[in-house]
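Colleague: Read off the chains here:
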Amino acid sequence: MTPPTPSAAAPLEVTDETVEKSTTSDGSKGSESRSPGQLAWRRFKRDRTGVISAIIVILFFVAGLAAPLIAKIYGKDPYTTYGLSDPTLLGDNSYPVKPNGGIDSQFWFGVEPGLGRDVFTFLLYAIRNSLLISTAITILVMLVGVIIGVTAGYIGGKTDWLFGRVIDILLAFPQQLFFVAFTPVVLNLFVPANEDTPTTIVVISLITLLVVFGWASIARLLRGQVLALREREFIEAAKVTGASPARIIFKELLPNLWTPILIQGTLLLPTMVTTEAGLAFLNVGISDPTPDWGVMLGRAAQVYQDDITYLLFPGIAMVVFVLAFNLLGDSVRDALDPKTKR
Amino acid sequence: MSSTTPLLDVSGLTKHFPIKGGFPIRRTVGAVQAVDGLDFQVAEGESLGLVGESGCGKSTTGRLITRLLEPTAGKISYRGQDITHADRKGLAPIRSEIQMIFQDPYASLNPRHTVGKIISGPMEINGINPEGGREKRVRELLEIVGLNPEHFNRFPHEFSGGQRQRIGVARALALNPKLIVADEPVSALDVSIQAQVVNLLQKVQKELGIAFVFIAHDLAIVRHFSQRVAVMYLGKIVEIADREDLYENPRHPYTRALLSAVPEATVDAEPRERIRLTGDVPSPINPPSGCRFRTRCWKATEKCATEAPPLVQVEGNKPGHLTACHYPETEATIPAPRLSKDPEAAA
Numbered sequence: 002m003t004p005p006t007p008s009a010a011a012p013l014e015v016t017d018e019t020v021e022k023s024t025t026s027d028g029s030k031g032s033e034s035r036s037p038g039q040l041a042w043r044r045f046k047r048d049r050t051g052v053i054s055a056i057i058v059i060l061f062f063v064a065g066l067a068a069p070l071i072a073k074i075y076g077k078d079p080y081t082t083y084g085l086s087d088p089t090l091l092g093d094n095s096y097p098v099k100p101n102g103g104i105d106s107q108f109w110f111g112v113e114p115g116l117g118r119d120v121f122t123f124l125l126y127a128i129r130n131s132l133l134i135s136t137a138i139t140i141l142v143m144l145v146g147v148i149i150g151v152t153a154g155y156i157g158g159k160t161d162w163l164f165g166r167v168i169d170i171l172l173a174f175p176q177q178l179f180f181v182a183f184t185p186v187v188l189n190l191f192v193p194a195n196e197d198t199p200t201t202i203v204v205i206s207l208i209t210l211l212v213v214f215g216w217a218s219i220a221r222l223l224r225g226q227v228l229a230l231r232e233r234e235f236i237e238a239a240k241v242t243g244a245s246p247a248r249i250i251f252k253e254l255l256p257n258l259w260t261p262i263l264i265q266g267t268l269l270l271p272t273m274v275t276t277e278a279g280l281a282f283l284n285v286g287i288s289d290p291t292p293d294w295g296v297m298l299g300r301a302a303q304v305y306q307d308d309i310t311y312l313l314f315p316g317i318a319m320v321v322f323v324l325a326f327n328l329l330g331d332s333v334r335d336a337l338d339p340k341t342k343r
Numbered sequence: 013m014s015s016t017t018p019l020l021d022v023s024g025l026t027k028h029f030p031i032k033g034g035f036p037i038r039r040t041v042g043a044v045q046a047v048d049g050l051d052f053q054v055a056e057g058e059s060l061g062l063v064g065e066s067g068c069g070k071s072t073t074g075r076l077i078t079r080l081l082e083p084t085a086g087k088i089s090y091r092g093q094d095i096t097h098a099d100r101k102g103l104a105p106i107r108s109e110i111q112m113i114f115q116d117p118y119a120s121l122n123p124r125h126t127v128g129k130i131i132s133g134p135m136e137i138n139g140i141n142p143e144g145g146r147e148k149r150v151r152e153l154l155e156i157v158g159l160n161p162e163h164f165n166r167f168p169h170e171f172s173g174g175q176r177q178r179i180g181v182a183r184a185l186a187l188n189p190k191l192i193v194a195d196e197p198v199s200a201l202d203v204s205i206q207a208q209v210v211n212l213l214q215k216v217q218k219e220l221g222i223a224f225v226f227i228a229h230d231l232a233i234v235r236h237f238s239q240r241v242a243v244m245y246l247g248k249i250v251e252i253a254d255r256e257d258l259y260e261n262p263r264h265p266y267t268r269a270l271l272s273a274v275p276e277a278t279v280d281a282e283p284r285e286r287i288r289l290t291g292d293v294p295s296p297i298n299p300p301s302g303c304r305f306r307t308r309c310w311k312a313t314e315k316c317a318t319e320a321p322p323l324v325q326v327e328g329n330k331p332g333h334l335t336a337c338h339y340p341e342t343e344a345t346i347p348a349p350r351l352s353k354d355p356e357a358a359a
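Line by line, the protein sequences give chains A and B.
Take any residue in the first sequence, note its place counting from 1, add 1, and you have its number in our numbering.
Take any residue in the second sequence, note its place counting from 1, add 12, and you have its number in our numbering.
Simulated from the structure, these hints should not be mistaken for lab results.
Below, in silico cross-link-like pairs of lysine to any residue (SDA-like), each with a Cα-Cα straight-line distance of 20 Å or less:
#1 B:K32 - A:G158
#2 A:K159 - B:F29
#3 A:K159 - B:P30
#4 A:K252 - B:E136
#5 B:K32 - A:L163
#6 A:K252 - B:K129
#7 A:K159 - A:P246
#8 B:K32 - A:I156
#9 B:K215 - B:N188
#10 B:K32 - A:G157
#11 B:K101 - A:A247
These numbers were taken from a predicted model, which means no experiment stands behind them.
For reference, chain B alone in the conformation it holds in the complex:
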């Protein structure tokens, strides 16, 4: 990472959704601690992968960065400018630089608008008049994302899921953004289509130098796409590292368990060790004290219950590899999951 100001700097980001209850006077009786104190940076042109189980706060994080949600606490800076609590007017100049790609391509396109209208909408809102007119720009964008520019006047219902997601990508690109938050952009698509869309995003990232926050639960796709990966558990980042580091030398027990759960691709491979986590993810309304993973961790001790482990560079980590664990894994404690050494998976 460069030493200059990062493109996006998130520190202590917290989002608690209040739970209202009581009668006759409704009051806040609790909070869903969806995101609880995230720290990370995204450099220009870099792709940060955000992985974790369902309900761990990945999507909430994405919506906080794009300011669809108001953070409860913490700070979000974009190029050094604080946008944590900026209103619509204050965000206006930044809106065009941070864009989002949504999960469900069937819900993210207005069914009553033509493709042309959907893609030119962002330009219209931000009063951008590209050279040669908006229609020309829309045709260009359609070509970039691999769609027929002649489909300008079609409606979303005439396209397949993969094509719709391409339209969503074109819309996100319409404003020449510097950062795209992709919220599980391929998880609603067929596996055969996923690769196409991921390759498209990769092409976009490389050719246009756009930074990505790539939210996914598929480890293989994140590995393919992101230079740096953050693993989330119950609203906290438990481990963040460069791609190779994380996949080959996972230090947090949860990361290790996640990696060991990736299905084996080769049939006659040696059976590798599979870490089975018992129990469910605890409720984010009442998360466990100390380390949030301790209820399912096989190494948990008294210390884990009383003291929350900080996200630091633990002994034996490369620079930039941060782990939040009192008892980080080493090669010795448990044989590393075979996946991380599988040459085919690394390809």
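So that you can see chain A by itself, here it is in the shape it has in the complex:
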């Protein structure tokens, strides 16, 4: 799924297009040339699926970031138990009185069964929290993975061997099982078992665990890319002119690695969203009073037989988001690497 030589791929496809262009415009306009990045952007704009997915993804991020603002305008917050203070909302069996999970002009997405919290703001904050955590994890994973992968690939030798074995071990772990087993252990390092764990500690340990176990595949991928690029003649050309290793890595190698980095990043984020939600669902991640996709789905799983609406909103929102982000990732890859034709 990874492009073997993204650098070589882009020009090949593009040449006939530009040649065509330059023959029609007589090729005299030097300023009209486009970088590989600009060409990728043009290809991306032509991809309708990609553009729609991008819009959906952006909407999700805007909704998540603007959650406090939207909640303020909407006039509710995700923590207040409206159902307990207003007896007309929830019936005796603690399920919403109104049909469809209590959807009305006051509560757009209905009321939560049991505590009677507002589903709309809860979902907004859940998106916000999930996306913030997943984005943080993705950025850190990419950062660690790129640094270790590029270093191992460029230096080679013993360093490469050492990192290679560490990566082997990390990839051999059953990760989900490990998260479930180890999160309480990590939490206990910070907080005694008999006390309540503050949410920030949970978030930090969650991010740490996922980053520690997430960087390996990215590092391995980039190591391979660097190994291939390192032998290319333009690297030798830079060495002949006396370029320092830092310059070679940052100025010569890295511009050629943006393609795999970007592609992996866009494919990693939705995975992290689902992983994070999965952990919350299994009660090892974020836990109840904090709004979270996984928390919502976990709660909905308990009540779905009587109140399916409560499951639908977080469920559909998550499916739409993950699907859109994955399609976006595919489109980004197609745009950056025109050689992979489906």
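Add chain B to chain A, keeping to what the hints say.
Modeller: Leaving out everything else, chain B in the frame of chain A:
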């Protein structure tokens, strides 16, 4: 050759690539003897051609001179300064004087950089600020190599192979080098384009007085371009001579065989003698004892197997014509290949 210190002096240059193997502890089990004891000099403004079959160590030699590879043994001096084991800092002042042109114009230019950035890169690295700014200098260089200076902001993928190689030449010229190692600069190009690039290099050599180490496997191009030619076989120089001497009076059997393999250009020419070498080039991991060419040589004797022939001026050679053979060819032993006397080929 002048009697002053040569620009580049290579003696006993050796590069062995270790072969690692074994389990569980990896150790060196052998070595690919890519280059094994080369001696040659390059004078200022001179062009030395380096020819030989694939895998004979030509490119390795080029990479050793530019110090992309660390020599196993031997000595490389540039203007009397020993650069054999100099590190990056030690090489810094010399980097700008020895430049390289690469074989594959599709791999030697960073696809993510504009032409301007590629050509100004060497100046940036070496902190050179030419008069009027780097951009002006880049435009000048583009003009020298016959490209439109307005193409400054274009990317390599917008150029053809020949144009890309011109960009590579411009990059090599950016630092005003004294010596350019050209590693098969035209073998990846169309025949029609090869001539253009070779002529460009020749113009550069004559006008700017740059010395060249010109690595190629095409004898005709080397003959066109180089004043002196060295023939390599399995990591050793078997013969080195001035151009006319080598092409008209080859003394080493291998040189003769190579020259006889050049295709005939005229259809109705008399069929000339063609020396067919049998067998393959032996492996450089385990080269033959004595003379390395003996396994394919029709004149090999016991002596060739036991004693490696030194690279010397054998009897009947002009000064500067060195041959490593116990039984050098003469006009009498075998009729000289017609090519060397072909007036058209000499043109």
